[in-house]
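What follows is the residue order along each chain.
There are 2 protein chains.
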Amino acid sequence: MKNIFLYDTTLRDGTQGEDVSFSVEDKLRVARLLDDFGVHYIEGGWPGSNPRDLEFFNRAKELKLKHAKIAAFGSTRRPKNNVAEDPNLQALIEAETPVVTIFGKTWLLHVKHALQITESENLAVIEESVAYLKSKGKEVVYDAEHFFDGFKGSREYALQTLAAAERGGADVIVLCDTNGGTMPDEVSAIVRDVKQQVNVPLGIHTHNDSEVAVANTLAAVKEGAVHVQGTINGYGERCGNANLCAIIPNLQLKLGHSCVSEEKLKKLTGLALAVSELANLAPRKHLAYVGASAFAHKGGVHVSAVMKTPETYEHIAPEVVGNQRRVLVSDLSGRSNVVYKAQELGIDLQGNTKAAQEIVEDIKLKEFNGYQYEDADGSLELLIKRRAQEWKEFFELEGFKVIIHKEAKEAYPVSEALIKVRVGNEIEHTAAEGNGPVAALDNALRKALEKFYPALKNMQLADYKVRVLDGQDGTSAKVRVLITTKNGQGAWNTVGVSTNIIEASWKALVDSVYYHLLKTGADGVTKERSNSHDPITITYVR
Amino acid sequence: MKNIFLYDTTLRDGTQGEDVSFSVEDKLRVARLLDDFGVHYIEGGWPGSNPRDLEFFNRAKELKLKHAKIAAFGSTRRPKNNVAEDPNLQALIEAETPVVTIFGKTWLLHVKHALQITESENLAVIEESVAYLKSKGKEVVYDAEHFFDGFKGSREYALQTLAAAERGGADVIVLCDTNGGTMPDEVSAIVRDVKQQVNVPLGIHTHNDSEVAVANTLAAVKEGAVHVQGTINGYGERCGNANLCAIIPNLQLKLGHSCVSEEKLKKLTGLALAVSELANLAPRKHLAYVGASAFAHKGGVHVSAVMKTPETYEHIAPEVVGNQRRVLVSDLSGRSNVVYKAQELGIDLQGNTKAAQEIVEDIKLKEFNGYQYEDADGSLELLIKRRAQEWKEFFELEGFKVIIHKEAKEAYPVSEALIKVRVGNEIEHTAAEGNGPVAALDNALRKALEKFYPALKNMQLADYKVRVLDGQDGTSAKVRVLITTKNGQGAWNTVGVSTNIIEASWKALVDSVYYHLLKTGADGVTKERSNSHDPITITYVR
Numbered sequence: 004m005k006n007i008f009l010y011d012t013t014l015r016d017g018t019q020g021e022d023v024s025f026s027v028e029d030k031l032r033v034a035r036l037l038d039d040f041g042v043h044y045i046e047g048g049w050p051g052s053n054p055r056d057l058e059f060f061n062r063a064k065e066l067k068l069k070h071a072k073i074a075a076f077g078s079t080r081r082p083k084n085n086v087a088e089d090p091n092l093q094a095l096i097e098a099e100t101p102v103v104t105i106f107g108k109t110w111l112l113h114v115k116h117a118l119q120i121t122e123s124e125n126l127a128v129i130e131e132s133v134a135y136l137k138s139k140g141k142e143v144v145y146d147a148e149h150f151f152d153g154f155k156g157s158r159e160y161a162l163q164t165l166a167a168a169e170r171g172g173a174d175v176i177v178l179c180d181t182n183g184g185t186m187p188d189e190v191s192a193i194v195r196d197v198k199q200q201v202n203v204p205l206g207i208h209t210h211n212d213s214e215v216a217v218a219n220t221l222a223a224v225k226e227g228a229v230h231v232q233g234t235i236n237g238y239g240e241r242c243g244n245a246n247l248c249a250i251i252p253n254l255q256l257k258l259g260h261s262c263v264s265e266e267k268l269k270k271l272t273g274l275a276l277a278v279s280e281l282a283n284l285a286p287r288k289h290l291a292y293v294g295a296s297a298f299a300h301k302g303g304v305h306v307s308a309v310m311k312t313p314e315t316y317e318h319i320a321p322e323v324v325g326n327q328r329r330v331l332v333s334d335l336s337g338r339s340n341v342v343y344k345a346q347e348l349g350i351d352l353q354g355n356t357k358a359a360q361e362i363v364e365d366i367k368l369k370e371f372n373g374y375q376y377e378d379a380d381g382s383l384e385l386l387i388k389r390r391a392q393e394w395k396e397f398f399e400l401e402g403f404k405v406i407i408h409k410e411a412k413e414a415y416p417v418s419e420a421l422i423k424v425r426v427g428n429e430i431e432h433t434a435a436e437g438n439g440p441v442a443a444l445d446n447a448l449r450k451a452l453e454k455f456y457p458a459l460k461n462m463q464l465a466d467y468k469v470r471v472l473d474g475q476d477g478t479s480a481k482v483r484v485l486i487t488t489k490n491g492q493g494a495w496n497t498v499g500v501s502t503n504i505i506e507a508s509w510k511a512l513v514d515s516v517y518y519h520l521l522k523t524g525a526d527g528v529t530k531e532r533s534n535s536h537d538p539i540t541i542t543y544v545r
Numbered sequence: 004m005k006n007i008f009l010y011d012t013t014l015r016d017g018t019q020g021e022d023v024s025f026s027v028e029d030k031l032r033v034a035r036l037l038d039d040f041g042v043h044y045i046e047g048g049w050p051g052s053n054p055r056d057l058e059f060f061n062r063a064k065e066l067k068l069k070h071a072k073i074a075a076f077g078s079t080r081r082p083k084n085n086v087a088e089d090p091n092l093q094a095l096i097e098a099e100t101p102v103v104t105i106f107g108k109t110w111l112l113h114v115k116h117a118l119q120i121t122e123s124e125n126l127a128v129i130e131e132s133v134a135y136l137k138s139k140g141k142e143v144v145y146d147a148e149h150f151f152d153g154f155k156g157s158r159e160y161a162l163q164t165l166a167a168a169e170r171g172g173a174d175v176i177v178l179c180d181t182n183g184g185t186m187p188d189e190v191s192a193i194v195r196d197v198k199q200q201v202n203v204p205l206g207i208h209t210h211n212d213s214e215v216a217v218a219n220t221l222a223a224v225k226e227g228a229v230h231v232q233g234t235i236n237g238y239g240e241r242c243g244n245a246n247l248c249a250i251i252p253n254l255q256l257k258l259g260h261s262c263v264s265e266e267k268l269k270k271l272t273g274l275a276l277a278v279s280e281l282a283n284l285a286p287r288k289h290l291a292y293v294g295a296s297a298f299a300h301k302g303g304v305h306v307s308a309v310m311k312t313p314e315t316y317e318h319i320a321p322e323v324v325g326n327q328r329r330v331l332v333s334d335l336s337g338r339s340n341v342v343y344k345a346q347e348l349g350i351d352l353q354g355n356t357k358a359a360q361e362i363v364e365d366i367k368l369k370e371f372n373g374y375q376y377e378d379a380d381g382s383l384e385l386l387i388k389r390r391a392q393e394w395k396e397f398f399e400l401e402g403f404k405v406i407i408h409k410e411a412k413e414a415y416p417v418s419e420a421l422i423k424v425r426v427g428n429e430i431e432h433t434a435a436e437g438n439g440p441v442a443a444l445d446n447a448l449r450k451a452l453e454k455f456y457p458a459l460k461n462m463q464l465a466d467y468k469v470r471v472l473d474g475q476d477g478t479s480a481k482v483r484v485l486i487t488t489k490n491g492q493g494a495w496n497t498v499g500v501s502t503n504i505i506e507a508s509w510k511a512l513v514d515s516v517y518y519h520l521l522k523t524g525a526d527g528v529t530k531e532r533s534n535s536h537d538p539i540t541i542t543y544v545r
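Order-wise, the sequence lines are chains H and Y.
Letter by letter, the first sequence follows residues 4 to 545 of the working numbering.
Letter by letter, the second sequence follows residues 4 to 545 of the working numbering.
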């Protein structure tokens with residue numbers, strides 16, 4: 004059992020990932036989240052590389068972190084520069100962080116081709132850069148770039164570069180698998196060897212190009228590394244960096260090391276989701292431990308076993324990492340999943356075989372037509388309740404018309420919707436504008452219904468997704484619209500399918516209104532506890 | 004160096020994944036792709052569990068596979084049944100496959116809680132089920148479910164279950180980490196132990212709940228396993244199965260084992276993309292080896308190094324697995340990426356610093372407004388060419404109006420678009436219908452332009468995606484529309500952003516038309532080679 008230091012580089016190496024981009028504001032939020040979670044080091048960026056990172060370090064000084072130290076990242080001095088005049092090293096010092104991380108070259112391929120200097124010049128570059136930063140009072144993390152490739156090319160020279168960093172006074176030496184091509188066995192053997200040669204604590208930094216970044220990190224820890232670099236959700240260039248969201252629970256729950264407290268570990272799923280929200284990326288469902296699918300059961304055999312004894316198909320209790328169990332309903336899953344799902348909604352279908360069978364048939368037909376309920380719990384709940392309990396329609400549509408009008412090349416189009424609905428015997432015919440056609444239709448529908456159902460004031464559209472479902476046979480494409488709606492208590496997803504995007508949106512909108520009215524009652528007084536179980540949408544929807 | 008047998012279970016365990024669903028037709032196509040790639044075994048489904056799988060096996064008899072054997076999957080006999088009367092075993096025999104795979108219980112937790120039988124009854128169940136299938140002339144794969152958990156609970160009993168399968172005559176015994184919770188070191192130690200006790204060839208089947216499924220597979224192979232189970236793209240229940248798309252190149256390129264020929268390995272990326280298309284799932288960009296980001300470079304330092312010496316930041320040559328290098332352009336990346344990108348498009352910007360700088364500024368501004376070019380090469384090419392070469396507008400918009408009219412609750416809405424464009428001095432004012440508003444607008448635009456540009460007949464919309472970009476500060480939500488268009492030669496992506504979905508679609512549509520016209524010329528004669536470099540959209544767009 005070892006204490007492992009967590010070094011998060013989501014804000015630096017993570018942003019090299021395709022599609023990953025944070026504003027300065029986002030970076031500050033992520034830093035606060037990481038600190039709150041209990042990470043030991045937060046690499047904030049490369050102050051010498053772009054103005055966004057520079058601004059981050061300026062503003063990071065205001066962050067009152069409880070636990071983590073901020074690190075600024077950069078390279079060793081340029082070969083031709085003196086350390087005191089190297090702009091990159093100066094930028095690192097001016098970032099005013101307690102920790103500075105610099106990377107140096109290990110691999111002769113890079114020394115010769117990229118730097119175009121001699122072997123001994125490179126050693127001087129490393130030693131002097133580290134020593135200079137130490138002389139300025141910094142805690143210095145030395146990243147040995149391409150360490151494993153360099154070691155395989157020339158063990159002797161690779162070790163000489165580490166010795167140079169050690170002579171310079173580095174506080175920790177991090178072995179980097181920069182290209183992500185090293186296999187776990189090689190990592191074990193090389194770290195074991197290095198451990199004999201170096202007296203400074205060792206760290207590990209891996210990439211996932213061979214899908215073994217997590218295993219490589221674990222292998223290095225086993226051989227003595229005590230400092231682990233990685234990113235939240237494994238974001239990073241190409242295939243990503245080592246995923247801290249898998250590494251931390253593996254180290255702590257499986258291998259008995261200590262990274263964060265048990266209480267903090269329960270925040271892991273929340274952290275992963277919040278960071279994906281801030282990165283504006285859809286959460287990756289299948290991620291180990293923190294993914295929405297990580298404890299989701301679909302196969303009939305699994306579901307009935309998990310209902311009896313969770314550990315039969317769950318390697319850990321989902322709560323330990325702040326995640327939760329989900330049972331998926333699909334045309335593959337049959338009645339037992341439907342019964343379980345209904346039970347979650349407070350409906351006992353055990354004794355109502357007819358309703359359960361009808362629901363399974365409804366789902367099969369809908370899925371055949373392109374619907375998918377795994378992500379649309381709101382619509383699924385309505386589908387179940389339509390069959391399982393007394394049902395009344397909240398309104399009837401008499402018709403609508405949506406018009407989008409753009410008057411010139413540079414003009415912003417005007418969207419308006421006309422709608423006619425019937426509630427009981429009353430007809431309401433009205434119109435509204437919106438930013439776009441779906442918003443206009445949403446506004447018109449609410450305007451028409453609010454007089455009957457004042458509770459509609461409390462709900463709002465939070466997210467809107469569209470997927471085109473084009474059939475193998477070249478028939479006209481269907482679109483599936485998924486809408487997330489929220490009120491004060493939670494959020495829920497509804498789905499609509501049509502070859503017309505407005506019609507698909509309409510269906511999802513109607514379900515979202517029904518769901519809200521079912522939960523709050525027409526008068527706005529909550530009748531039912533919200534059952535939207537998806538931790539993503541409940542907690543992090545904006 | 005060992006010959007490793009590849010056992011693909013995409014069609015069985017893969018379909019347990021959330022969102023993964025194949026029609027029978029899809030399954031047959033996947034089987035043909037797997038056979039063509041050189042997989043040794045294709046697990047087609049569980050004939051006893053659902054009608055879709057039953058139909059697959061009926062139709063699979065018509066598949067003329069060149070290489071692979073089809074396997075039917077199921078459980079050992081029910082404890083209360085005689086083998087000859089067990090419906091599940093009968094269904095397996097009736098599937099008429101050369102190979103049958105059955106899973107049995109290793110873990111006493113399951114024997115006691117799920118099966119509710121004695122230890123020795125379970126051993127009899129295993130031995131008799133295997134022996135019965137052998138007596139019917141089948142090649143029998145025995146999957147020891149929960150083997151690692153069972154072994155940790157009771158080594159002795161776990162080994163007894165394997166001995167029972169061996170006595171029954173199993174051709175291969177597969178150690179399954181069903182819950183995905185086992186660490187690589189444990190896998191090594193346990194497989195090493197088992198190898199001493201069992202005389203039948205061993206296989207390995209892992210799940211990715213701890214993000215070490217690939218490493219666990221490699222560890223088992225190192226200790227003697229010769230049969231590897233997994234799925235394409237790692238599809239599967241919860242966090243997925245072991246990903247064959249990472250395992251195969253790791254085994255073959257890194258560890259020197261033999262799985263498929265070098266020629267077939269070049270089809271790996273194509274296989275991964277085709278299977279994701281058939282599963283109707285967006286390809287996972289960050290996948291090792293086969294992902295669109297696997298050889299994508301964004302950081303300025305990396306890009307300039309890769310341009311000189313690819314191996315500096317690439318662990319293998321992307322062509323070896325059928326993938327390719329990509330350079331991403333974003334506001335982080337600066338001029339060198341833009342210059343590289345332009346060079347790909349046949350434009351030399353080395354000497355044109357002014358244009359390169361303007362392009363970088365354009366991209367920064369557009370990205371600030373929500374555009375993203377990493378996925379929209381068509382729009383990026385237009386943006387670059389607008390600055391880098393002589394430019395003429397193909398048409399001017401005078402205005403459009405889109406109307407969607409739904410006349411009753413059950414009526415399908417009618418969509419029509421009115422449009423007025425100017426080409427040179429001629430004005431064209433026309434209208435068209437469509438399945439939905441975007442299709443109507445697309446139809447109207449082409450109708451207006453076709454008289455001037457007959458080449459437009461050859462292009463068609465292939466995919467349409469929408470992303471809602473809601474700002475942190477609660478400003479009105481923008482949507483980003485990404486359109487894939489194809490002609491006979493390839494496909495390209497264009498992007499549009501607006502708070503109005505029709506306006507965003509319009510912008511992306513206009514870019515798609517411009518791109519096509521730029522490539523084909525107004526007369527339909529190809530002027531430029533299509534440069535759309537994305538292997539996904541070129542090859543697999545439907």
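Quick caveat, the hints were computed from the structure, so don't treat them as lab data.
Possibly wrong hints are sitting among the right ones.
One copy or two, it doesn't matter: identical chains are merged, so the pair holds either way.
Claimed, not checked - Derived lysine to any residue pairs resembling SDA-like cross-links, with alpha carbons at most 25 Å apart:
no., residue 1, residue 2
1, K72, E436
2, K83, P457
3, K67, G427
4, K388, P101
5, K450, E88
6, K72, A391
7, K257, L112
8, K288, K468
9, K83, R338
Hint check results:
Taking identical chains as interchangeable, the C-alpha atoms of K72 and E436 are never at most 25 Å apart, the minima being 50 Å within one chain and 61 Å between chains. In the homo-oligomer, the alpha carbons of K83 and P457 never lie at most 25 Å apart, since the shortest distance is 72 Å inside one protomer and 60 Å across protomers. In this assembly of identical chains, K67 and G427 lie within 25 Å of each other by CA distance neither inside one copy nor across copies; the values are 58 Å within and 62 Å between. When the C-alpha separation of K388 and P101 is checked against a cutoff of 25 Å, the pair qualifies neither within a copy, at 58 Å, nor between copies, at 46 Å.
Proximity of K450 and E88 under a CA criterion of 25 Å is satisfied in neither setting, with 66 Å inside one chain copy and 64 Å between copies. Proximity of K72 and A391 under a CA criterion of 25 Å is satisfied in neither setting, with 55 Å inside one chain copy and 46 Å between copies. Taking the shortest Cα distances, K257 and L112 sit within 25 Å of each other only across copies (20 Å), while inside one copy they are farther apart (38 Å). For the homomeric pair K288 and K468, the shortest alpha-carbon distances inside one copy (16 Å) and between copies (19 Å) are both at most 25 Å.
In this homomeric assembly, K83 and R338 come within 25 Å of each other (Cα to Cα) only across copies, at 23 Å, whereas the closest approach inside a single copy is 72 Å.
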